[in-house]
Amino acid sequence: MKLAIVAGGGANFYSVEVAIQRLGIEYELTTDKAVIEAADGIIFPGVGFAKYAMDNLAQYDLIDTIKNYKKPFLGFCLGMQLLYEYSDEGNVECLGIFKGTIRKFDDSQLIVPQMGWNNCKLLRQSRLLDNVDLERDVYFVHSYYAPVNEFTVASSEYGDDFTAIAEDKNFYATQFHPEKSGAIGEQILANFIKIVQEFKG
Amino acid sequence: MLKKRIIPCLDVRNGQVVKGVQFRNHEVVGDIIELAEKYSQSGADELVFYAITASSDESNNDRSWVREIARHINIPFCVAGGIRSVAMAEEVLANGADKISVNSPALENPALIEELAKRFGSQCVVVGIDSWAQDGSYQVLQYTGDESKTIKSRRNTIEWAREVVARGAGEIVLNCMNQDGVRKGYDLVQTGLLADSVSVPVIASGGAGEMEHFKELFTTTKATGGLAASVFHKGIMTIPDLKAYLHKHNILTRK
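Chains A and B, in that order, are what the protein sequence lines are.
Per my numbering, residue 1 is the first one in the first sequence, and the count goes up by one each step.
Per my numbering, residue 1 is the first one in the second sequence, and the count goes up by one each step.
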């Protein structure tokens with residue numbers, strides 16, 4: 001099997017590559033539509049500014065590719081937020097896989113960005129969380145968040161509850177950075193790879 | 001709930017980790033990768049690597065160790081020292097660092113903060129502030145990597161902190177230079193004042209000598225992290241012992 005890591009914006013993909021290398025999985029870091037469509041699954045680790053990232057996806061002609069994607073897909077951090085309908089970060093229409101709008105944390109009440117380790121609360125089962133103890137903290141760094149709704153698998157709390165993990169059909173997403181979340185993050189990535197392997201059959 | 005962060009700082013010179021008192025008299029404490037792995041495995045929440053001579057001399061520092069660190073640890077880390085352009089920041093981030101920290105170059109050219117925030121997002125951009133307390137006021141020091149070149153900038157620490165946040169900094173590391181390396185405790189008054197003046201996370205640095213100093217920091221100020229070097233390098237305390245102590249005092253850290 002082979003994964004495509006979509007390099008749709010931002011600069012620091014090396015830690016994601018290293019995390020996939022540690023799991024012994026073949027991958028390609030790419031923005032090439034043909035490579036992405038041929039891969040057995042996608043990891044979409046976007047970092048940076050939502051508007052800028054959506055512009056990038058449009059430039060590489062990847063918006064419909066992702067919207068119509070049927071194989072396992074894992075987005076994290078901005079790569080999760082772009083899966084919602086709309087983001088207040090740059091007032092941009094996003095991919096619309098999950099319903100909802102990405103909003104900014106209230107910096108008159110909270111220290112923003114949320115930066116550091118926080119725990120999650122399980123709301124429903126997900127294969128992404130096999131053998132994962134959610135009492136263990138994971139690493140977040142973000143100023144914008146997704147609301148808790150029917151797509152939420154696990155929530156976390158910062159001022160209010162927000163979506164930490166979302167899932168619908170073949171789309172999986174985490175607000176935190178699994179590649180920076182120690183052993184628990186590694187388990188989540190391994191679980192996603194297992195999902196890709198089983199899908200491939 | 002978001003946890004308080006314990007952050008070992010590794011001062012890097014010529015490819016090795018060093019430590020001095022008030023940023024001078026450096027002694028070698030060990031190999032970068034070995035120490036990074038050791039702290040990562042012992043429960044550090046994040047690491048800061050500080051290339052200490054980088055801004056105050058013009059030499060082009062070798063940062064090949066950044067990529068090696070990313071290969072060896074799976075917790076976040078920040079690289080500081082000598083980053084004076086978007087291109088230099090991009091190289092460090094592309095090699096796996098999560099954040100870059102700018103200090104003297106931001107004082108020389110404050111617009112650099114905006115350029116970095118626009119390109120990489122505020123969450124990647126840390127501003128380090130070296131502050132000197134004198135007669136109840138706080139002044140920013142510049143070029144602290146080399147004592148012979150260190151100068152007092154004309155900037156007030158609190159005003160500078162507000163300015164860097166307005167320009168897009170996503171975190172501030174406040175080094176209280178009077179306390180640095182002497183292990184008498186963080187400057188709680190100054191750290192508290194600064195943390196109350198900005199909306200972004202503030203990391204305290206300088207003066208940690210006992211576990212109680214971390215407890216005081218987290219109970220009396222809004223600082224979200226405590227940075228320390230010598231107490232960890234010299235084995236005065238271990239990170240698991242420190243976290244157990246904090247837990248006992250109802251200060252939550254990463255599990």
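Since the hints were derived computationally from the structure, they do not count as laboratory data.
Just so we're clear, the structure is a prediction, and the values are computed from it rather than from any experiment.
Certain hints may be false.
Facing chain B, a subset of chain A residues (Cβ under 8 Å, in silico) [what the hints assert, rightly or not]:
{"id": "1", "residue": "Asn12"}
{"id": "2", "residue": "Gln114"}
{"id": "3", "residue": "Gly182"}
Even glycine gets a Cβ: it sits at the ideal position worked out from N, Cα and C.
To see whether the hints hold, each was checked on the structure:
1. Asn12: At about 4 Å, which falls below the 8 Å cut-off, the nearest Cβ of chain B leaves the hint on Asn12 of chain A intact, so it holds.
2. Gln114: holds, 6 Å
3. Gly182: With a closest approach of 6 Å, the Gly182 of chain A hint holds.
In terms of the numbered hints stated before, the structure departs from none.
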